[in-house]
Structures are given as structure tokens and as C-alpha cells.
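Enquirer: Once you have looked at the hints, place chain X on chain D.
2 protein chains.
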Amino acid sequence: METKLEQVLPQEIEARSFEIITEELGSRKLDEKYAPIVKRVIHTTADFEYVDNLVFSPNVLEHALEALKNKACIVTDTKMAKAGINASAMQKLGVEAYNFISDEDVVQQAKALGSTRSAASMDKAAELNRPLIVAVGNAPTALVRIYELVQEGKWKPELIIGVPVGFVNVVQAKEMILQLPVPYIVAKGRKGGSNVAAAIVNALLYLACGR
Amino acid sequence: METKLEQVLPQEIEARSFEIITEELGSRKLDEKYAPIVKRVIHTTADFEYVDNLVFSPNVLEHALEALKNKACIVTDTKMAKAGINASAMQKLGVEAYNFISDEDVVQQAKALGSTRSAASMDKAAELNRPLIVAVGNAPTALVRIYELVQEGKWKPELIIGVPVGFVNVVQAKEMILQLPVPYIVAKGRKGGSNVAAAIVNALLYLACGR
Numbered sequence: 001m002e003t004k005l006e007q008v009l010p011q012e013i014e015a016r017s018f019e020i021i022t023e024e025l026g027s028r029k030l031d032e033k034y035a036p037i038v039k040r041v042i043h044t045t046a047d048f049e050y051v052d053n054l055v056f057s058p059n060v061l062e063h064a065l066e067a068l069k070n071k072a073c074i075v076t077d078t079k080m081a082k083a084g085i086n087a088s089a090m091q092k093l094g095v096e097a098y099n100f101i102s103d104e105d106v107v108q109q110a111k112a113l114g115s116t117r118s119a120a121s122m123d124k125a126a127e128l129n130r131p132l133i134v135a136v137g138n139a140p141t142a143l144v145r146i147y148e149l150v151q152e153g154k155w156k157p158e159l160i161i162g163v164p165v166g167f168v169n170v171v172q173a174k175e176m177i178l179q180l181p182v183p184y185i186v187a188k189g190r191k192g193g194s195n196v197a198a199a200i201v202n203a204l205l206y207l208a209c210g211r
Numbered sequence: 001m002e003t004k005l006e007q008v009l010p011q012e013i014e015a016r017s018f019e020i021i022t023e024e025l026g027s028r029k030l031d032e033k034y035a036p037i038v039k040r041v042i043h044t045t046a047d048f049e050y051v052d053n054l055v056f057s058p059n060v061l062e063h064a065l066e067a068l069k070n071k072a073c074i075v076t077d078t079k080m081a082k083a084g085i086n087a088s089a090m091q092k093l094g095v096e097a098y099n100f101i102s103d104e105d106v107v108q109q110a111k112a113l114g115s116t117r118s119a120a121s122m123d124k125a126a127e128l129n130r131p132l133i134v135a136v137g138n139a140p141t142a143l144v145r146i147y148e149l150v151q152e153g154k155w156k157p158e159l160i161i162g163v164p165v166g167f168v169n170v171v172q173a174k175e176m177i178l179q180l181p182v183p184y185i186v187a188k189g190r191k192g193g194s195n196v197a198a199a200i201v202n203a204l205l206y207l208a209c210g211r
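Line by line, the protein sequences give chains D and X. Sequential numbering from 1 applies to the first sequence in the working numbering. Sequential numbering from 1 applies to the second sequence in the working numbering.
Just chain D, same shape as in the assembly (with noise of 0.2 angstroms):
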């Protein structure tokens, strides 16, 4: 059996997945604004379903695109988000990322309050008292977490990216979301991801640098 392999060079690969994307999109309209964020997430996934499950806060581009503009840096929740975020549209913009899951003091935080470690590195961003965008692609407590600091007038970042992915809270903790009075991106259902929120902050890294 003979492989057909597609004859695509290197540098137009991803834009060639995003012509397939939008081919195979067909009627199915986006908001023409949120489509580079929506397009980036199914080029990351090969998942559909992110066109109904994303949803964007009012503004939330301006917002976030302002912000960038800022050089608010960006807090994730995972090493893996944060390593999958494009390191040179950062260094364009100026922005830097950061993720404290791995340091002592959150470590320590985490078992004196009985908490998870993603939940007490959301407290060490709060504390950085600095504009940031929080990008949660793993810990539903992270994304709760969140929530109690904005409703007790502790935090208010510029931007939540709330795309965990699992089983346990993780469809409540986005819907709590929902509710804040902040600007937010939100993958509805249990489907989310680290890869996702690495997607959804390139997307923005590339909008504001105009890559």
C-alpha cells in the first residue's frame, strides 16, 4: 500500500490546515472577530465542537488585544501551557509568561490549606498586584479559585482564559466564570486543555502583533 502524502512546504502548512479548516467549516458562520481565536483551537484539536463550546465575554478582544498591548504578562496553570505558547510573538510584544505550580512557597501554601497546588498559584498571580491575563487549561480548582478572589474584591485580571478539561467540577467551575464581571474566553462543557489555552493565548499573541 502506496501513501499519499499532500506536497505542502514547511512555512505554508498551517496556513493550508487553516484553508481545510474554513472549507470544511462550509455554512457554519463565526463571528467574524472571534474566527482567528475559534480556527486556532479546531487547528489545535481537530475538534469541532470548540465553533459551539467557546464563548467570548463582551469586548473581551478589545480587552484582551489592550492588554497585550500593555505587556500585561500571562499566568497559566500548567508547565505545559505555558510551554506551549509562541515564545517569540512574546518577545515581540514584550509580554512574558509565568506558572508557579512548581514553587516552594505555593507547594507549601497548597498543603497547609488542603488546597491544589493550580489553586494556590492562582493566589501567588493575585499577588503579583500587576495587569494579567490567567490562562487555566488543566485545574478546574484554579478557575474556582479565581472566582472567590474576584467576588472578594482581591483580583481583578485583565483577561480569564477558562478552558480546563476533565470530569471533576469542571463544567461548574466555567459556569462560575461566567459570572464574573471580568473579561473572559470560556470553553462550556468538560472539553478544554492545556494545548488549548496555549492555543487561545497564540491567537491573541499573533492578533496583537499582527503576525
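Some clues are possibly wrong.
Identical chains blur together in the list; that is why a pair holds if it fits in one copy or across any two.
[What the hints assert, rightly or not] In silico DSSO-like cross-links for lysine-lysine, where the CA-CA straight-line distance does not exceed 27 angstroms:
| id | residue 1 | residue 2 |
| --- | --- | --- |
| 1 | Lys124 | Lys79 |
| 2 | Lys111 | Lys156 |
| 3 | Lys4 | Lys124 |
| 4 | Lys39 | Lys79 |
The hints are simulated quantities; they were obtained by calculation from the structure and are not laboratory data.
Expert: Chain X only, in chain D's frame:
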């Protein structure tokens, strides 16, 4: 509206997730040997399609566990997949993970050959000349290069984890791996990802170290 959260202790979230996955699989029968791998991929993606997508070469589990016990190293095609591999499980087994995508020699070779950095990083992995498990979650071009290296007699990895995601040559590249006389775990179709690659590696690590 009040959101009801399920009360689960941090250290019990993963076990509870696996319980839910098992419940929802219902009467769908998984091969007992591969169930820990399939369930971990579902845990990572909330996508039950992997029950059908994941294919295993004969005796692949024995091969993989033997390789890990002999301290085979793990090479990934992305930084993200590497970042998702459980460091303490690797440490327990004395196993290390590598990713060469940003290495200067890989960048230069990709330019010189007009290939992708992912493909060139597989040449570097082959040249290590030591037992290794290769995990590809992103780049079908990496899988195609592995296929060529094996066919030319230049490389025989202990295990190929072939789970790239996407739209250009992804399905074909996976089909090519299924033809090789090398142990493999492949996610047929378009789906996969760095997160899926890391999840499969982690499932194998946990089986090997008896976590």
C-alpha cells in the same frame, strides 16, 4: 444562580475522574491491558473517541515497559509534550526526556534541507544511537521522517507514539507508521496532540513504576 461543586479532596480528584470515565464507558469493553492508557488519554481530553482511535501494535506494552526499565530516553517533537511528562515518575525510573526542536543544529539542518524543524529533530534523535521512545504529538512531518529513517535501516526506536493532530498529512503519516515493524501506539485519524502524547507517556511511566 448557585453552582454546586462536588466535594473532592485534591489528592482524590484524579481517582474520581477515572471512576467517572469508567462509569461512562459503561458496557464498552476496553482491552484490560491498554485500559490505563486509553483512560488516561480520555482523562486528558474528555474525548471518548479515543476508545476507537487508539491502536496498539502486538505486545507493545511489554516492549514499552521493558524499554523504560532499561532507562530508554524519551524524545518528543514539541516542548509542550516534554513539559507534560511527569518529572517525578521519570526520576523514579531514572528516565530522561529530550526535545531538540530549538537546537541550533536542528534549525540549520531544517533550513538546509527545506524540511521542518520537527523532522530534523528526529534525525538528531536517531543519531543519539541509544534506546529511545519517540513521542510525536504535533508534527506529521516528524512521523514521516521516522518512517523514512526506519525504512532506510538508520533507526529502530523502542516505541513510536504517533499521535500528531491536524489537517495536513496527519492521517497519512499515522497510516505509514502502522506499516512499520516497530512497536507503536497510534491515534488514528486527525485527533491527537502534545497533551495526548504526554498522557500516553505518563500512563506508561506509571505502569512501569507502579504508581
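Enquirer: Now tell me, hint by hint, if it's right for this structure.
Expert: Hints versus structure:
1. Lys124 with Lys79: Intra 15 angstroms, inter 25 angstroms, cutoff 27 angstroms: intra and inter.
2. Lys111 with Lys156: Only inside one copy: Lys111 and Lys156 sit 25 angstroms apart there, 44 angstroms across copies, limit 27 angstroms.
3. Lys4 with Lys124: between (51 angstroms within a copy, 26 angstroms between copies)
4. Lys39 with Lys79: Answer is both; intra-copy 24 angstroms and inter-copy 22 angstroms each pass.
Checked against the numbered hints listed earlier, the structure breaks none of them; every hint is satisfied.
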